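2 protein chains.
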Amino acid sequence: MSTSSEGPVFADPRRRATALRELRKAMTAGAVDTADEARRVASLDTCRLAHLPEAVIRPANDEEVATVLRLANRYRVPVTARGAGSATTGAATPIRGGWVLDLSGWDEIRIDAVSGYAHVGAGAINAKINEAAEKKGWFYPPDPSSKGYSTIGGNIACNAGGLRAAKYGVTRDYVVALEGFLPTGEPVKWGLPLKKYVSGFNLRDLWIGSEGMLGVVTRATLKLIPAPETRATFLAAYKDEAAALRTVREVLKARLVPSILEFIDRQTLDCFLRKHEKAGTLGSLPFRVKAGDPAPAMLLLEVDGDAGQVRRQKTAVRELLGAKALWLRQARDEEEAEALWRIRRTCSQAMFQMGDTKLNEDIVVPLESQLPLLKYTLEVRKKTGLATPTFGHAADGNFHVHVMFDWGDADQRERARESIELIMRKVVELGGAITGEHGIGLAKSPFLSLQHTEAEIGAMKRIKDALDPNGILNPGKMFEPFDMWLQPRDRAWRFPWDH
Amino acid sequence: MSTSSEGPVFADPRRRATALRELRKAMTAGAVDTADEARRVASLDTCRLAHLPEAVIRPANDEEVATVLRLANRYRVPVTARGAGSATTGAATPIRGGWVLDLSGWDEIRIDAVSGYAHVGAGAINAKINEAAEKKGWFYPPDPSSKGYSTIGGNIACNAGGLRAAKYGVTRDYVVALEGFLPTGEPVKWGLPLKKYVSGFNLRDLWIGSEGMLGVVTRATLKLIPAPETRATFLAAYKDEAAALRTVREVLKARLVPSILEFIDRQTLDCFLRKHEKAGTLGSLPFRVKAGDPAPAMLLLEVDGDAGQVRRQKTAVRELLGAKALWLRQARDEEEAEALWRIRRTCSQAMFQMGDTKLNEDIVVPLESQLPLLKYTLEVRKKTGLATPTFGHAADGNFHVHVMFDWGDADQRERARESIELIMRKVVELGGAITGEHGIGLAKSPFLSLQHTEAEIGAMKRIKDALDPNGILNPGKMFEPFDMWLQPRDRAWRFPWDH
Numbered sequence: 001m002s003t004s005s006e007g008p009v010f011a012d013p014r015r016r017a018t019a020l021r022e023l024r025k026a027m028t029a030g031a032v033d034t035a036d037e038a039r040r041v042a043s044l045d046t047c048r049l050a051h052l053p054e055a056v057i058r059p060a061n062d063e064e065v066a067t068v069l070r071l072a073n074r075y076r077v078p079v080t081a082r083g084a085g086s087a088t089t090g091a092a093t094p095i096r097g098g099w100v101l102d103l104s105g106w107d108e109i110r111i112d113a114v115s116g117y118a119h120v121g122a123g124a125i126n127a128k129i130n131e132a133a134e135k136k137g138w139f140y141p142p143d144p145s146s147k148g149y150s151t152i153g154g155n156i157a158c159n160a161g162g163l164r165a166a167k168y169g170v171t172r173d174y175v176v177a178l179e180g181f182l183p184t185g186e187p188v189k190w191g192l193p194l195k196k197y198v199s200g201f202n203l204r205d206l207w208i209g210s211e212g213m214l215g216v217v218t219r220a221t222l223k224l225i226p227a228p229e230t231r232a233t234f235l236a237a238y239k240d241e242a243a244a245l246r247t248v249r250e251v252l253k254a255r256l257v258p259s260i261l262e263f264i265d266r267q268t269l270d271c272f273l274r275k276h277e278k279a280g281t282l283g284s285l286p287f288r289v290k291a292g293d294p295a296p297a298m299l300l301l302e303v304d305g306d307a308g309q310v311r312r313q314k315t316a317v318r319e320l321l322g323a324k325a326l327w328l329r330q331a332r333d334e335e336e337a338e339a340l341w342r343i344r345r346t347c348s349q350a351m352f353q354m355g356d357t358k359l360n361e362d363i364v365v366p367l368e369s370q371l372p373l374l375k376y377t378l379e380v381r382k383k384t385g386l387a388t389p390t391f392g393h394a395a396d397g398n399f400h401v402h403v404m405f406d407w408g409d410a411d412q413r414e415r416a417r418e419s420i421e422l423i424m425r426k427v428v429e430l431g432g433a434i435t436g437e438h439g440i441g442l443a444k445s446p447f448l449s450l451q452h453t454e455a456e457i458g459a460m461k462r463i464k465d466a467l468d469p470n471g472i473l474n475p476g477k478m479f480e481p482f483d484m485w486l487q488p489r490d491r492a493w494r495f496p497w498d499h
Numbered sequence: 001m002s003t004s005s006e007g008p009v010f011a012d013p014r015r016r017a018t019a020l021r022e023l024r025k026a027m028t029a030g031a032v033d034t035a036d037e038a039r040r041v042a043s044l045d046t047c048r049l050a051h052l053p054e055a056v057i058r059p060a061n062d063e064e065v066a067t068v069l070r071l072a073n074r075y076r077v078p079v080t081a082r083g084a085g086s087a088t089t090g091a092a093t094p095i096r097g098g099w100v101l102d103l104s105g106w107d108e109i110r111i112d113a114v115s116g117y118a119h120v121g122a123g124a125i126n127a128k129i130n131e132a133a134e135k136k137g138w139f140y141p142p143d144p145s146s147k148g149y150s151t152i153g154g155n156i157a158c159n160a161g162g163l164r165a166a167k168y169g170v171t172r173d174y175v176v177a178l179e180g181f182l183p184t185g186e187p188v189k190w191g192l193p194l195k196k197y198v199s200g201f202n203l204r205d206l207w208i209g210s211e212g213m214l215g216v217v218t219r220a221t222l223k224l225i226p227a228p229e230t231r232a233t234f235l236a237a238y239k240d241e242a243a244a245l246r247t248v249r250e251v252l253k254a255r256l257v258p259s260i261l262e263f264i265d266r267q268t269l270d271c272f273l274r275k276h277e278k279a280g281t282l283g284s285l286p287f288r289v290k291a292g293d294p295a296p297a298m299l300l301l302e303v304d305g306d307a308g309q310v311r312r313q314k315t316a317v318r319e320l321l322g323a324k325a326l327w328l329r330q331a332r333d334e335e336e337a338e339a340l341w342r343i344r345r346t347c348s349q350a351m352f353q354m355g356d357t358k359l360n361e362d363i364v365v366p367l368e369s370q371l372p373l374l375k376y377t378l379e380v381r382k383k384t385g386l387a388t389p390t391f392g393h394a395a396d397g398n399f400h401v402h403v404m405f406d407w408g409d410a411d412q413r414e415r416a417r418e419s420i421e422l423i424m425r426k427v428v429e430l431g432g433a434i435t436g437e438h439g440i441g442l443a444k445s446p447f448l449s450l451q452h453t454e455a456e457i458g459a460m461k462r463i464k465d466a467l468d469p470n471g472i473l474n475p476g477k478m479f480e481p482f483d484m485w486l487q488p489r490d491r492a493w494r495f496p497w498d499h
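Protein chains in written order, with UniProt numbering: chain G, 1 to 499; chain V, 1 to 499.
If you're looking for bench data, these hints aren't it; they were derived computationally from the structure. Treat each hint with caution, since some may be false.
Note that identical chains are pooled: a pair holds if it fits in a single copy or bridges any two copies.
[Stated by the list, open to error] Heads up, simulated DMTMM-like pairs for lysine to aspartate or glutamate below, C-alpha to C-alpha not over 20 Å straight-line:
id: 1; residue 1: K382; residue 2: E418
id: 2; residue 1: K253; residue 2: D33
id: 3; residue 1: K223; residue 2: E368
id: 4; residue 1: K135; residue 2: E250
id: 5; residue 1: K426; residue 2: D107
id: 6; residue 1: K314; residue 2: E54
id: 7; residue 1: K239; residue 2: D411
id: 8; residue 1: K223; residue 2: E250
id: 9; residue 1: K253; residue 2: D112
id: 10; residue 1: K278; residue 2: D112
id: 11; residue 1: K290; residue 2: E368
id: 12; residue 1: K375; residue 2: E334
id: 13; residue 1: K136; residue 2: E368
id: 14; residue 1: K128; residue 2: D143
id: 15; residue 1: K223; residue 2: D173
id: 16; residue 1: K314; residue 2: E229
id: 17; residue 1: K253; residue 2: E131
id: 18; residue 1: K136; residue 2: E250
id: 19; residue 1: K383; residue 2: E179
id: 20; residue 1: K253; residue 2: E134
id: 21; residue 1: K25; residue 2: D270
id: 22; residue 1: K147; residue 2: D293
id: 23; residue 1: K253; residue 2: E418
No experiment lies behind these values; they were computed from the predicted model shown.
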C-alpha cells in the first residue's frame, strides 16, 4: 500500500505526463482538456483556495470513468470529481493536482411520476430536478441556497441540507440508490429504486457525505414526495436574540413543524439596514419601529400543507410568534411573501460592508444551546473585534456564523483565525457539530479532531484505505489538517453565480 | 491478519477456555453466564438455526463491553451481540460459538419532549419507545410486526421496516445518533442528537443494517415526529391479485400517501377462511360474497393525519379502492377498525395448516413488478406443489412471500429449497431486493451474490476487514454462504412470543 500516515505518495511530474498521454489515447477526442481556462475553472470552489489540476476530464460514458480511475490507480494520479464547484470548504479543489473528473455534463433528469422517483445524472442541477418533479405534481425538498447552480453529485458529496430540513430532511433522506465507481474503477450500484432495502452493507449512505473520497457517483435515484398545496409566510422582529430564540423554543415545543424557521441576528440585520437605508431601498417594512432604534433580531417562518392544515397552523403560529415580538407580519399573497423573504435572501450579500472576506461556518447546536451559542458569538466579536453576523435554520439548530474581515490586513486575518477557532471549540463544547451541511473539505480539516475521537477518525481512515488503497480519490481533504491561512485565496475569480 | 477468504481463524477450545477464565476475572459477578438454560436461549433466533455459545455475557456498563471485545480480539473468540432474538434470518445465532453479548437489559428510554428525541439503550423494546413517546405527544413510527418484543438494537441491526414505511420510513430514517464500540473495543459515537450533521464519514448509517458485524450498538438517539391526530381504516376485497394490485397502482399514482396499504393474496385468505370457517370464528365480514365463492385477494388501507386531512382523503380512497372491489368496508370507530385489522394480524398464523414450517421471504419489487411477482408465486406453487401464500406492504413493494411445507418430509424440503431459489432469482430479475427489512444473516447468505456484483461484495468485505481485522464480530454471516437445509431447525424451542 502506497499510503502512509503522511498521506498517499503520488506520481512525479514525468510519470504524470506519461499517464496523461496514455489517458488521451484511451479517451474520446475532446474528453481530456488541458487548456488553461478549463484548468483554472476546475482549480477552485467557492472557498477560493485554488490549485491547478493537470487536466479536466469530461467522460463521455461509464467506460471512460472506469478508464480514468484505472489509469489513475496504475500511475498514482490524484482524481477529484467535480460538479458546479459551489462547495464552500475547498472540497472540490484538486489540492494535490492531478485530474479533475468533471461530471457537470451528466445532467439527465427523468421523473417516474407513478412511483415518485427522479432518476438523475450526477451533474443535474438541484433546482432543475425539483422543477421537473413539480411538473408532474411531485416535490424534491432539499434546497441548499446554491440550489440554482449546485449539482446533485455535489449535494450528495456533502449531504446538502437547506432551509426546509427540519420538516423535510436533507439530501440523504431522499437518495434511494446510487450508481458509480469504486476508487479502483469497478462499477457499483448501492441500493435500488425501492423504498425498503437491507441487502449487504449500506455503502450508499457511506458514500453520501463522504465528499467524493470513497467513490465516484455518476447517477442517483431520488425519492419524491407529493408537493404541499399551499403555504403561509410570517416575518417577526424581536428586540434581541434571546427573545427570538425563546420563541423558536416555544414553536418547537408546541410540536408545530414549520417548513421554514429562519433566524437572523441583530448584526446581520444591522448590515442589511445600513446598506438599504443608505441606498434608499429599504422598502416599507418597519425594521426599526422608530428612527434610531437599534436593528432587531428576526424570525422568518413558513408553514405548508393542504389548505385546512395551513389555516389551522396559522392561528397557533400567530400566537406563538407574536408573544414576544416587536412586530409580526403575515403575507396575504405570494408577492407579500416574497417581500418578507427579501431580508433573508439578501442579508448575506449585505455583510460585505464589514470586510471583503466572509467565512461562513455552518455549525449545528442542540435546541437548548442556541441562545448560549448566539451569546458566545457576541463575546467573540468583543474579544477579536471582528463582526460575527449569524443567521440560519433555527428549527434544526443549523446556524451560519460568519466572520467578516479584510483579507489584506494581516492583523485582521489573525483575529479571524482566532474567531473561527473559538467558535468551533464552543460548538463542540455545547454538544454541537462543526458542520451541518457543508462538510469538512480543506477549511474544516483542522477541526475534525475536535469533533471526533482518535478511534473514530481511525475507523474512517481505515475505511478510506480499504476502498481507495492508493489514496487517489480527492486526496488532501478531511484527514490531513490544511492551514488555509497560509494560502492566499483566489479572490479575482468570478463564479457564474457571484453577485 | 488472521482472516482469510475462508473466514477468520478462531481460538481452539482450550484457548477459548483460558479466555473465558480471564473474562470472568475481569467482569462483575454474574455478568458471565455459562448455565445451560442461558446458553440455549442465546443459541438461536426465530429462524431456529441453533448453535450453543460458550457463554452469555450481560455487561454491567460500557467498560465491560470494551473488556469483552478486547479479550475476544486478544484470544480470537467470536462475539455475537443479541437483543430479544427475534431476527428471522439466523443473524443472532452464534454459529461459530463463542460469546453472546446480551444487551437486552440495556433498556433505558428517555424522551426529550421539547426537541423530539428518544434517547434509548440498545435493549429498549420498540413498542415501549413509542408508548413513552406517545405519553408526551410524540410518535416513533417504525413498527415491525415484532414491535412488542424486538429491541431497538435488533431493529438497527437489520434496519427494521414495518407496515407504515411507505409513508413514515424505516428505522434508518429515525436514527440520528449511535453510541457503541468498534469490533476492536474502542468506544465511538456516530452522529449527535442533531438534525443536520456531516462531519467525517457516516459510520452511523454504515452500522445501521450491518447486522451486528461492524460494531456493537449500546445506545441510540431516535428522532420523533408529532403523532397524527386520527386515522381512517378501510378493507376491500378483490376477485384476484391483479385487481387488487392494479388498485394499489391507482392509489399511488394519485399521490395519496396511505399510512398503511397491506395486500393479502388469495392463498393467504384461503388459509384464514378455512381455519375460521371450521372453528366457527369467522365473524361478520362477507369474505365470500356467497357460500362456495373462492377466497378473494384483499387490501387493508389506512390514512392518517389531522381531522381535515383524513376527511378529504377518505373520499378519494373510497373511490379508488372501490373501483374494482367486490366489496369495501370503512371502519366507523376504533372497534370496527380492529375488526378489519383482524385478518392481517392473524393470517400469518393461519398458514400453519399448510405445513409445519414457514419460510418468510421479505422481498421487495418495484411497483410495476408487483403483479408479475404475484403471478410468479403461483407458477412456483404449480411447479413445486408447495403453497406460496403472500401478503405484505404494497405501498413500498415489500411482500412477504411464504413457502409452507413439512420439515420432516425430505421431498417437501427439497421442493421448498427449489421454491425459495426460484423466487429469489425472479425478484432480482424484476429489479427487486432479496430482503427489505429482515437482512441477510444465515438464511439469505446463499443469495447475496444474486443481488450484488463481486466488486460490490468485495468492497463490503474490505470494510468488514478494515473495522474488524480479527473477524470476531458475528462471524459466519452474510458473506459465507450457509446451507440452512443441512442443519435441522430447533423446532422444540418456544419463544415468549410464540402463539
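| task | Of all the hints given earlier, name the ones this structure violates by number, lowest first. | result | Checked against the structure, the hints that fail are numbers 2, 5, 6, 7, 10, 11, 12, 19, 21, 22, 23, while the rest are satisfied.
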